[in-house]
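Keeping their order, the protein sequence lines are chains G and U.
For the first sequence, numbering that gives the first Met the number 0 begins at 0 and goes up steadily by one.
For the second sequence, numbering that gives the first Met the number 0 begins at 0 and goes up steadily by one.
In case anyone wonders, no lab produced these hints; they're calculated from the structure.
Because the structure is a prediction, the values reported are computed rather than measured.
The beta carbon of each residue, even a glycine, is placed where N, CA and C say it ideally should be.
One or more hints might be untrue.
Below are the SDA-like pairs computed for lysine to any residue, each with C-alpha atoms no more than 25 Å apart in a straight line [unchecked claim]:
1. K320(U) to R198(U)
2. K392(U) to K320(U)
3. K345(U) to P444(U)
4. K81(G) to K186(U)
5. K315(U) to T189(G)
6. K71(G) to D325(U)
7. K415(U) to G377(U)
8. K315(U) to T163(G)
9. K175(G) to R191(U)
10. K573(U) to E280(U)
11. K81(G) to P444(U)
12. K109(G) to L55(G)
13. K315(U) to I199(U)
14. K315(U) to I58(G)
15. K315(U) to I36(G)
16. K105(G) to G158(G)
17. K315(U) to L31(G)
18. K307(U) to L261(U)
19. K74(G) to N203(U)
20. K71(G) to S564(U)
21. K71(G) to E156(G)
22. K74(G) to R198(U)
23. K183(G) to K315(U)
24. K81(G) to D325(U)
25. K10(U) to T189(G)
26. K257(U) to D334(U)
Just so you have them, the derived chain G footprint on chain U, three or more residues with Cβ under 8 Å [to be verified]:
27. 52-63
28. 132-142
29. 202-212
30. 308-322
These stretches of chain G come out as covered by chain U in the derived footprint (C-beta under 8 Å, 3 or more residues) [unchecked claim]:
31. 61-68
32. 71-77
33. 90-102
Residue strings, one per chain:
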Amino acid sequence: MAKGKRINGNGDGSGKQTYTISAFSENHIGLLNRITIIFTRRLVNIESLTVSGSALPGIHKFTIVVNDTLEKVEKVVGQIEKLVEVLRAFYHTEDEVIHQEIALYKVPTKAMLEGNKVEEIIRIHHARIIEVRPEYTVIELTGHKEETQNLFDELKEYGLLQFTRSGRIAVTRSSKEHFSSYMKEAGENTVEYAKF
Amino acid sequence: MTIKSTGEPKKLRVTGAEAIMLSLIHEGVDTIFGYPGGAIMPAYDALMNYSDQLRHILTRHEQGAIHAAQGYARVTGRVGVCMATSGPGATNLITGIADAQIDSTPLVCITGQVAAGLLGTDAFQETDVIGISMPVTKWNYLITKAQEIPEIMAQAFYIARTGRPGPVLIDIAKNAQFGELDFEYHKCVRMRSYVPEPRISLDNLKAAAALINKAKKPYVLAGQGIILGGAEKEFLQFVEKSGIPVAWTILGACALPKDHPLNVGMLGMHGNYSTNLKTNECDLLIGVGMRFDDRVTGDVARYARQAKVIHLEIDKAEINKVIPADVPIHGDVKDTLPLLTKLIEKRAHESWLREFKEIDRIEYDKVIRHDLFPSKPGLTMGEVINVINEKTKGEAIAVTDVGQHQMFASRYFHFKNSRSFVTSGGLGTMGFGLPAAHGAKIGAPDKQVILFVGDGGFQMTIQELGTINQTQAAVKIVLLNNKYLGMVRQWQQLFFDKRYSETYLLNPDFIKVAEGFGIKGKKVLERHQLNSAIQEMLDFQGPYLLEVSIEKEDNVFPMVPTGASVSDVILEPKK
Numbered sequence: 000m001a002k003g004k005r006i007n008g009n010g011d012g013s014g015k016q017t018y019t020i021s022a023f024s025e026n027h028i029g030l031l032n033r034i035t036i037i038f039t040r041r042l043v044n045i046e047s048l049t050v051s052g053s054a055l056p057g058i059h060k061f062t063i064v065v066n067d068t069l070e071k072v073e074k075v076v077g078q079i080e081k082l083v084e085v086l087r088a089f090y091h092t093e094d095e096v097i098h099q100e101i102a103l104y105k106v107p108t109k110a111m112l113e114g115n116k117v118e119e120i121i122r123i124h125h126a127r128i129i130e131v132r133p134e135y136t137v138i139e140l141t142g143h144k145e146e147t148q149n150l151f152d153e154l155k156e157y158g159l160l161q162f163t164r165s166g167r168i169a170v171t172r173s174s175k176e177h178f179s180s181y182m183k184e185a186g187e188n189t190v191e192y193a194k195f
Numbered sequence: 000m001t002i003k004s005t006g007e008p009k010k011l012r013v014t015g016a017e018a019i020m021l022s023l024i025h026e027g028v029d030t031i032f033g034y035p036g037g038a039i040m041p042a043y044d045a046l047m048n049y050s051d052q053l054r055h056i057l058t059r060h061e062q063g064a065i066h067a068a069q070g071y072a073r074v075t076g077r078v079g080v081c082m083a084t085s086g087p088g089a090t091n092l093i094t095g096i097a098d099a100q101i102d103s104t105p106l107v108c109i110t111g112q113v114a115a116g117l118l119g120t121d122a123f124q125e126t127d128v129i130g131i132s133m134p135v136t137k138w139n140y141l142i143t144k145a146q147e148i149p150e151i152m153a154q155a156f157y158i159a160r161t162g163r164p165g166p167v168l169i170d171i172a173k174n175a176q177f178g179e180l181d182f183e184y185h186k187c188v189r190m191r192s193y194v195p196e197p198r199i200s201l202d203n204l205k206a207a208a209a210l211i212n213k214a215k216k217p218y219v220l221a222g223q224g225i226i227l228g229g230a231e232k233e234f235l236q237f238v239e240k241s242g243i244p245v246a247w248t249i250l251g252a253c254a255l256p257k258d259h260p261l262n263v264g265m266l267g268m269h270g271n272y273s274t275n276l277k278t279n280e281c282d283l284l285i286g287v288g289m290r291f292d293d294r295v296t297g298d299v300a301r302y303a304r305q306a307k308v309i310h311l312e313i314d315k316a317e318i319n320k321v322i323p324a325d326v327p328i329h330g331d332v333k334d335t336l337p338l339l340t341k342l343i344e345k346r347a348h349e350s351w352l353r354e355f356k357e358i359d360r361i362e363y364d365k366v367i368r369h370d371l372f373p374s375k376p377g378l379t380m381g382e383v384i385n386v387i388n389e390k391t392k393g394e395a396i397a398v399t400d401v402g403q404h405q406m407f408a409s410r411y412f413h414f415k416n417s418r419s420f421v422t423s424g425g426l427g428t429m430g431f432g433l434p435a436a437h438g439a440k441i442g443a444p445d446k447q448v449i450l451f452v453g454d455g456g457f458q459m460t461i462q463e464l465g466t467i468n469q470t471q472a473a474v475k476i477v478l479l480n481n482k483y484l485g486m487v488r489q490w491q492q493l494f495f496d497k498r499y500s501e502t503y504l505l506n507p508d509f510i511k512v513a514e515g516f517g518i519k520g521k522k523v524l525e526r527h528q529l530n531s532a533i534q535e536m537l538d539f540q541g542p543y544l545l546e547v548s549i550e551k552e553d554n555v556f557p558m559v560p561t562g563a564s565v566s567d568v569i570l571e572p573k574k
């Protein structure tokens, strides 16, 4: 369990702040459930959660964003790491990670054709158009939640048909990758059995 | 067909059900506690072929099976095994699984499951037991193919018994039990995602030794980790070299013989007076294989704030969980204690130890004397235990249920040997006692196994008298009957204005009930009958129920009221 720096939280006196928790596990059925019940039991709300294959074959990565106290986060991460099929778990403060989310916006193509306002919005936000149909246009933006939210707020006026946002993905700012060095030692065999 | 568990394994074409039995034999299992039913029937059918190597004990309820497996595991140090069917069979195990999880008892629970093709269809007796048991197992797994059985069983035993032990549940779909495989068994030796033996920090050991060497009032808290690690000898060497007084958690009872000069008594809510008071006077607290449960600490904000803390613990998630450690020593105490013992200087802390003994005198005067040698007419739980102590001389195994009698037994039962006190500590499971005592007797047939049980908890699993009659395991049941849910009644008296809400029990004639189950029994109403009745019970060659009528208004003291500091431990009700 990597230790985060102690900083003063949200400034609302609660001591809460945003943490990005990452956990690396074997790719087994039910692990998502095992991990999320740890949060449920301690009444820690999950702001976002992303699960996908990691850089290493057979290893899954969970990226979980929470807003809570350091003490709670430390304990939750300790319990995650205790799970038999979890290899390692870490937590990081906002200044320790580079993170992104992706958002998709579906707007009526009609709105694009009436004046140049939507085009201007897309340009300002550095969003991109990924599909155009006579009925609708799909726009994509990656960025922090506030950025994707700002675009959402602006496009709302133009009859937004659909909107979806992913959970966070993140990499650490530190140049050392703790997990890869751990994995070098852990080896490629998930389970080893005695030879007779 | 019989396969010996030793020697070169041969590939063998067997059914999944047979593979389960063969896996158990390879893991050295000789006893299974269980209850059959639809989805586990193939396994039960295969069991018949291995009855010369696997003894199955048919309980009267699945909860009886799992508590028996717990009792068996606790006295033998081996993995307890129980088996049940899907749906209600599996859900009836849950209380025992939760109990084993919180008390770190190694178990492998095998449950039948509906055929893989029916999963998720709400089939007859289908329950998502993997989902239900996830928060209370160390690990669980659903087997849907026969070929998976040997490897998963090997992992199950490896996980259950290594590191901080715990319960593992293996759910096996019926089709996997019917399916065939080429059987070959290799024990699991390593999993890359699970490291039960952490690397030991020598720097932290040195830091700990420095703290111990300069401490004036060091204090050791002994937990079950010592017993689970088989480190009783290593602990004794550490204690005798350091000269530090030792108090114990309820599950750490027996880590050190009760009559050892450095054993100062039990910790916690109903622990001793000195052990609680001195917690807030020591200058160094050394937790050894324990987890600072709230029943031990009382109010954490007022717990040992003056002391440095060294915490020796195998489960990393326990370190800094409740009480921050100045020096954590992560590892199996079997490994870490000898390293620490080498680094410390030989000391005696005589005047510090005397401080405990002085307070003990107060407790003896105010509490213990009245518990063990009462002058009033009604019988007390303490005097019953005391008479049994005189006759068993520390050689018996005590098993308890939960409540007042449990606290009296942990305070007064005299134990010499490790693994001779079995109780439900963390979960406080009423109904644990009778089946656990049965499992303990099966695991330790040459020991006198004495169950202390109250009239409430006894009735929660009383059907296990039937199991005991069937095995004729010579469990000695001491029923301490005060006609009340005594511990709850005590709290109602002390903290709820004597409003006795739903704690009076209209009880059956227990002796007749036992007789109906084929078990001999006797009831003691008066003090003069006690000695001979206990002797008769101990001498009887078979299971026996001794019911003792206890004064209903007796309370357990000392007491650290909920939310109070250990310094606020009381010896009698506040006036």
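Checked hints:
1. Annotation: proposed proximity of K320(U) to R198(U) holds, straight-line Cα distance about 20 Å (limit 25 Å).
2. A threshold of 25 Å between alpha carbons decides the hint, and for K392(U) with K320(U) the separation of about 39 Å lies outside it, so the pair is violated.
3. As the CA atoms of K345(U) and P444(U) are separated by approximately 40 Å, the hinted pair breaks the 25 Å bound.
4. A distance of roughly 22 Å separates the Cα atoms of K81(G) and K186(U); the hinted pair therefore holds under the 25 Å criterion.
5. Among the hinted pairs, K315(U) with T189(G) is consistent with the structure: their alpha-carbon atoms are about 22 Å apart, no more than 25 Å.
6. In summary, the hint linking K71(G) to D325(U) is supported, as the alpha carbons are separated by about 19 Å, within the 25 Å threshold.
7. For the given pair, K415(U) sits about 30 Å from G377(U) by alpha-carbon distance, which is inconsistent with the 25 Å threshold.
8. A hinted pair counts as satisfied when its Cα atoms are at most 25 Å apart, and K315(U) with T163(G) does not qualify at roughly 39 Å.
9. Pair hint K175(G) plus R191(U) holds up; C-alpha atoms about 21 Å apart against a cutoff of 25 Å.
10. As the CA atoms of K573(U) and E280(U) are separated by approximately 24 Å, the hinted pair is consistent with the 25 Å bound.
11. With a C-alpha separation of about 36 Å, the suggested pair K81(G) and P444(U) falls outside the 25 Å cut-off, and the hint is violated.
12. For the given pair, K109(G) sits about 45 Å from L55(G) by alpha-carbon distance, which is inconsistent with the 25 Å threshold.
13. Of the pairs offered as hints, the one joining K315(U) and I199(U) holds, with about 12 Å between alpha carbons and a cut-off of 25 Å not exceeded.
14. For the hint pairing K315(U) with I58(G), the CA-to-CA distance comes to about 23 Å; that is within 25 Å, so the pair holds.
15. In summary, the hint linking K315(U) to I36(G) is supported, as the alpha carbons are separated by about 19 Å, within the 25 Å threshold.
16. The suggested pairing of K105(G) with G158(G) holds, with an alpha-carbon distance near 9 Å, which does not exceed 25 Å.
17. The straight-line distance between the Cα atoms of K315(U) and L31(G) is roughly 22 Å, inside the 25 Å bound, and the hint therefore holds.
18. The hinted pair formed by K307(U) and L261(U) meets the criterion: a straight-line CA distance of about 21 Å does not exceed 25 Å.
19. A hinted pair counts as satisfied when its Cα atoms are at most 25 Å apart, and K74(G) with N203(U) qualifies at roughly 21 Å.
20. Proposed proximity of K71(G) and S564(U) is supported: the alpha carbons are some 23 Å apart, at most 25 Å.
21. The hinted pair formed by K71(G) and E156(G) fails the criterion: a straight-line CA distance of about 40 Å is larger than 25 Å.
22. The suggested pairing of K74(G) with R198(U) holds, with an alpha-carbon distance near 21 Å, which does not exceed 25 Å.
23. At roughly 22 Å between alpha-carbon atoms, K183(G) and K315(U) fall within 25 Å of each other, so this suggested pair holds.
24. For the proposed pair K81(G) and D325(U), the alpha carbon gap of about 22 Å is at most 25 Å, so the pair holds.
25. At most 25 Å may separate the alpha-carbon atoms for a hinted pair to count; K10(U) and T189(G) meet this at roughly 23 Å.
26. A hinted pair counts as satisfied when its Cα atoms are at most 25 Å apart, and K257(U) with D334(U) qualifies at roughly 24 Å.
27. Taking a C-beta to C-beta cut-off of 8 Å, the stretch 52-63 of chain U contributes 0 residues in contact with chain G, too few for the three needed, and the coverage statement is violated.
28. Note: the stretch 132-142 of chain U has 5 residues with beta-carbon separation from chain G under 8 Å; the three-residue rule is met and the coverage holds.
29. Chain G is given as covering the stretch 202-212 of chain U, and this is violated because 0 residues of the stretch bring a CB closer than 8 Å to a CB of that chain, at least three being needed.
30. Look at the stretch 308-322 of chain U against chain G: 5 of its residues bring a Cβ nearer than 8 Å to a Cβ of that chain, three or more, so the hint holds.
31. Counting residues of the stretch 61-68 of chain G whose C-beta sits closer than 8 Å to any C-beta of chain U gives 0, which falls short of three, so the coverage hint is violated.
32. For the stretch 71-77 of chain G, the stated coverage by chain U is satisfied: 3 residues place a CB nearer than 8 Å to a CB of that chain, which reaches the threshold of 3.
33. Note: the stretch 90-102 of chain G has 0 residues with beta-carbon separation from chain U under 8 Å; the three-residue rule is not met and the coverage is violated.
Hints 2, 3, 7, 8, 11, 12, 21, 27, 29, 31, 33, counting from the list given before, are not met by this structure.
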